[in-house]
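Q: Could you put the whole structure together from the sequences, leaning on the hints where they help?
Listed here are the chains, written in short residue letters.
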Amino acid sequence: MTIETVKIQGEGWLVNGSMSVPNDGGNRDYHEVQEWIAEGNTPKPEYTDAEIAANAQQEINQENLDYLADTDWYVIRKADSGEPIPSKIKKARAKARSTIIV
Amino acid sequence: MTKSATRETADIAGVVGKNAIINGNFDIWQRGTSQTDDGYGSDDRWINSRNGSTQVVSRQAFALGQTDVPNNPKYYSRTVVSSVAGAGNLAVKFQRIEGVETFAGTTATVSFWAKADANKNIALELAQSFGTGGSPSAISFVSPITVSLTTSWVKHTVSIAIPSIADKVLGTDGNDYLVLHFWLDAGSNWNARTNSLGQQSGTFEFSQVQMEAGSVATEFEPRSVGEELDLCERYYETGDGNFWIYAASGNTPIWNMQFATTKRAIPSIVMVKGGNNDFPNAATGYASTSTIKLGCGAKTGSGAANVLLTFKASAEL
Chain A
0 MTIETVKIQG EGWLVNGSMS VPNDGGNRDY HEVQEWIAEG NTPKPEYTDA EIAANAQQEI
60 NQENLDYLAD TDWYVIRKAD SGEPIPSKIK KARAKARSTI IV
Chain B
0 MTKSATRETA DIAGVVGKNA IINGNFDIWQ RGTSQTDDGY GSDDRWINSR NGSTQVVSRQ
60 AFALGQTDVP NNPKYYSRTV VSSVAGAGNL AVKFQRIEGV ETFAGTTATV SFWAKADANK
120 NIALELAQSF GTGGSPSAIS FVSPITVSLT TSWVKHTVSI AIPSIADKVL GTDGNDYLVL
180 HFWLDAGSNW NARTNSLGQQ SGTFEFSQVQ MEAGSVATEF EPRSVGEELD LCERYYETGD
240 GNFWIYAASG NTPIWNMQFA TTKRAIPSIV MVKGGNNDFP NAATGYASTS TIKLGCGAKT
300 GSGAANVLLT FKASAEL
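Residue numbers (numbering that gives the first Met the number 0), protein chains in the order written: chain A, 0 to 101; chain B, 0 to 316.
Among these hints, one or two may not hold up.
[What the hints assert, rightly or not] With a Cα cut of at most 20 Å, we get these calculated SDA-like pairs of lysine to any residue: (1) A:K90 - A:L64; (2) B:K292 - A:E10; (3) A:K94 - B:S248; (4) A:K94 - A:E58; (5) A:K94 - B:G302; (6) B:K292 - A:Q8; (7) B:K311 - A:K90; (8) B:K311 - A:N15.
[Claimed, not checked] Beyond 10 Å from chain B on every Cβ pair, some chain A residues (computed): (9) E3; (10) T4; (11) P21; (12) G25; (13) N26; (14) E38; (15) D65; (16) L67; (17) V74; (18) K77; (19) I88; (20) A95; (21) V101.
Quick caveat, the hints were computed from the structure, so don't treat them as lab data. Cβ coordinates follow ideal geometry from the N, Cα and C atoms, glycine included.
A: In structure tokens form, the structure reads like this:
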């Protein structure tokens, strides 16, 4: 495992933004984190409530952007052929747009 | 958690048999059927290590009904090494067997079927690691043995005197082990540990690896895929959670899932969020040896929501 980032997570660490490593000497990854620290690196502080909220919004934004991208073809079809966008899709796209907060 | 407690679980399972190697039949590939990176990544329990040189490890299927290797194994493991010159460079396939006391002070026999793309040597090496925590004894290497492979499947047998561990000191972390290495490519820094194997490219294939007590190689003892998976899951498990949760907006629910198999140690967890939902940040996993605890950020909507998650838990040595 190549360690790029380490954040404190409870009593353990969040490594590379995706792996929760326990503070337990029996765990193989624990020793890799200890080696990384011994090399002079410092784990970043635990996520604050504000960061968690920001991450959550980012995740929500991405889900809604993905939905809009997946349904863009309705808009293109309407522009090309005049065929209307189903009202269910129009409503869902409007909701997706309103949910995105930048 | 104590080591004796975790070992007891394996004993109760009663599926270890005579073969100390897990997944010696290469039936279990939970992480994927190929890998190029160093470390764990394809065949369960096997570390495919590389430095400098490159490798492609992959699962290969035997032809149905073949008789070159007995017992009708389904798969074998192939490593294609592209050697790059460098004193510290290497490609080595190895397995850490939990518990340094394994075969200590006795003779053990390693047997395996193997072949290569041309007549090539590999080096078989054992070592005893006393773990970490406290002041454990230093790792102890057993003299390597050169094994000559040909282009045909051949069963190779090596009997080795495993040193006694009397007067040694165990670490306190419960991560001591006996390790079996198959060296495929070794720069000069590794001469002492490989009988000066040297550097080489090539294709190396392994099947039915067994390590057993005594100086005689008996017939390979196949386990059922279910038994083998149980043994592998003590060290690595991947699974899914599918939950319908009723919670008010703003709630941050936490819930538990039981692992299929109790882990050797508290595992590292990688969470992958899947499915819908009103639960952001469902990516926080922390665990004991028997359960995984899943948590989410604040729920954004009201009422029921479906949460689909995939986790990967690793308690490998």
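Q: For every hint, state whether the structure bears it out.
A: Evaluation of the provided hints:
1. A:K90 - A:L64: Cα-Cα ~15 Å, so holds.
2. B:K292 - A:E10: Holds, at about 14 Å.
3. A:K94 - B:S248: Holds, because 17 Å separates the two Cα atoms, which is no more than 20 Å.
4. A:K94 - A:E58: Given that 20 Å is the threshold and the Cα spacing comes to 16 Å, the pair holds.
5. A:K94 - B:G302: holds, 18 Å
6. B:K292 - A:Q8: holds, 14 Å
7. B:K311 - A:K90: Given that 20 Å is the threshold and the Cα spacing comes to 37 Å, the pair is violated.
8. B:K311 - A:N15: The hint holds at about 15 Å.
9. E3: Fine: 14 Å to the nearest Cβ keeps E3 (chain A) off the interface.
10. T4: holds, 14 Å
11. P21: violated, 4 Å
12. G25: violated, 3 Å
13. N26: violated, 5 Å
14. E38: With a cut-off of 10 Å, E38 (chain A) remains clear of chain B, as the shortest Cβ separation is near 17 Å.
15. D65: Per Cβ check, D65 (chain A) is outside 10 Å of chain B; nearest 12 Å; holds.
16. L67: The claim stands: L67 (chain A) keeps its Cβ more than 10 Å from every Cβ of chain B (closest is about 16 Å).
17. V74: The claim holds: V74 (chain A) sits with its nearest Cβ about 24 Å from chain B, beyond 10 Å.
18. K77: For K77 (chain A), whose nearest Cβ neighbour in chain B is about 27 Å away, the distance exceeds 10 Å, so it holds.
19. I88: holds, 17 Å
20. A95: holds, 13 Å
21. V101: holds, 16 Å
In this structure, the earlier hints numbered 7, 11, 12, 13 are contradicted, and the remaining ones agree with it.
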